[in-house]
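Peer 1: Listed here are the chains, written in short residue letters.
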Amino acid sequence: MSLPATATLVVILVTLPLAAATLLFASGRQPRTLTLAAALLLTFAALALGGNVYLEGVSVHAIGGWAAPLGIHWQVTPAGTVMLVATALVGLAGAVYGAGYFLHRPGPDGRMARVFMPLWLFAWGGLNALFVAADLFNLYVALEVLTLASVALVALSARRMALQAAMRYLLAGLFGSVIYLLGVALLYGQYGVLDFATLTAMLDPEDPGSRAGAVALTVGLLIKAAIFPLHFWLPGAHGRAEPPVSAMLSGLVVAAAFYLLLRLWFGPLAEMLSFGVGVLFGALGAGALFWGGMLALLQRRLKMLVAYSTVSQFGFAMLVFPLAGGDHRGTVFVGGTLLLANHALAKAALFLAAGTLVRASGSDRIGTLVGFAGRAHWAWLAVILASAALIGMPPTLGFSAKWLLLQAAVADGAWVWLGVMLGGTLLTFAYLGRLLELALLDPAPGPSPPPPLTAALLLPALLLALLACLAGLWAMDVEAIARLESGT
Amino acid sequence: MSLPPGTLFLLAAALLFAIGAHGLVTCRHLLRKVLALNVTTTGVFLLLVTLGRSGTGVDPVPHAMVLTGIVVALSTTAVALGLIVRLERRQP
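Top line first, the protein sequences correspond to chains Y and C. Counting from 1, position 473 in the first sequence corresponds to residue 473 in our numbering; the numbering is continuous, with no gaps. Counting from 1, position 20 in the second sequence corresponds to residue 20 in our numbering; the numbering is continuous, with no gaps.
Worth flagging that the hints you see were computed from the coordinates, not collected in a lab. A virtual CB, placed ideally from N, CA and C, is assigned to each residue, including glycine. Just to be clear, a hint being listed does not mean it is correct.
[What the hints assert, rightly or not] One side only, chain C facing chain Y, incomplete, derived with CB under 7 Å:
id, residue
1, LEU48
2, VAL79
3, ALA80
Build the full structure now, drawing on both the sequences and the hints.
Peer 2: Here's what the structure looks like:
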């Protein structure tokens, strides 16, 4: 296929979800079939784009034919495409799950289903726009679309605790955005450009104004990516939202902010990534890894455990920055991207399966979860597969990602970070293992009669977890890694 | 001693940002927090507009950014206010 196809696919990926969401919202009817059709089309577009990029590499599109710096560019990179495909898979799985999840709940939840689908598509569109944007200000707008859709999704669950969590999330998210915008303003004041390519060429790493701008961009994104110690808003928002919402927030929305951090520090700000900055990022990561891991180990509620696991896993992702200083920047960048993709699939699977198990058990306390009884065993299978991917057992995508990072750490002799990675992996193993042990060795009987578990509640999680495991086989191919690296 | 042009605006922008950030952390009432956030955003907008004013003329790009930013701020404020209303209605 030739380049116009890629351009068309990108336009579909960004505009279709926003247009469909607006239409669905305005029509106000039961939009299940329409949403699922849009979700399928988006997934197809993302997969086709993945094929194109795999064959052709990076492509750049000037919107409306206006070139940078005055015009706006979309840039389709291999790493961005990995995120677009992960978004599509989680988006489709969540839409199917949501259709099944909100269906069987009587009363005001009919309204919930009506609002869930448009918001889901808004968030999806924001994510797609973010992964193809290549200038600082467009990224700000995409981040805001994403934040607003996410907050509204958390507030879907009308319980007071969820509303409070949504409010805290909104304030933290908006404050992060303002600080990010401050960074944009400072950098624009120095150089008068916004797009990544020009900025990379112009940036002077010694200039104090640019440094202040870099700090502001980073702090804003650290809040949005919930990196320890700025993670305070995450467990409540992710733990108290409805299950499909938690899946998207934990799997993708946090990852989007982190992906932006990755692009900035491996792109325009790369010259500023000194040893000291790397160590600072690594220390934050180690803190997140152990703090989040310890709290996950102490949780008594299933969804809170999974939420704290996200804090911990993004600590792991922060370790790419101290490793980027060596000779293996390309490998580390790919490792970081695959880590995000693995987390997106596995964490979404874990949250979806958790939602099913909570419904089957009638409570989300870990001590009262049903065991392998009835059809719940499919959900447990998804939990086990997703846990394997999060821990990074071969041949999962998590293993491939961690393997790339470990290789870089060994080659650079970064023994401290190697130790942190191994310790973090053990901790992940500990809290997920504890969950499985508590729930499966001492299962509760569950309510009788058991609530119906339809295929929509079981299959999406299982398929996502399976994909996280099988994608590792693809990512072990040396050529695939080289093609991913070409986009950095 | 004469200050370079725009210094006053830059100082005002910094002051607005600081007032807003302080308010966001110290105020307890949610409505005040939302207002404080708006003050912070205004500080950043003022910074952007000031940076767009150079010796040779006015750069339109920061103005476009601020216009977009105002639309974004309006939407986020509306969502925040809606959320506060829903929270108040659920007051135990």
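Peer 1: Evaluate each hint against the coordinates.
Peer 2: For each hint, the structure was consulted:
| no. | hint | verdict |
| --- | --- | --- |
| 1 | LEU48 | holds (5 Å) |
| 2 | VAL79 | holds (6 Å) |
| 3 | ALA80 | holds (6 Å) |
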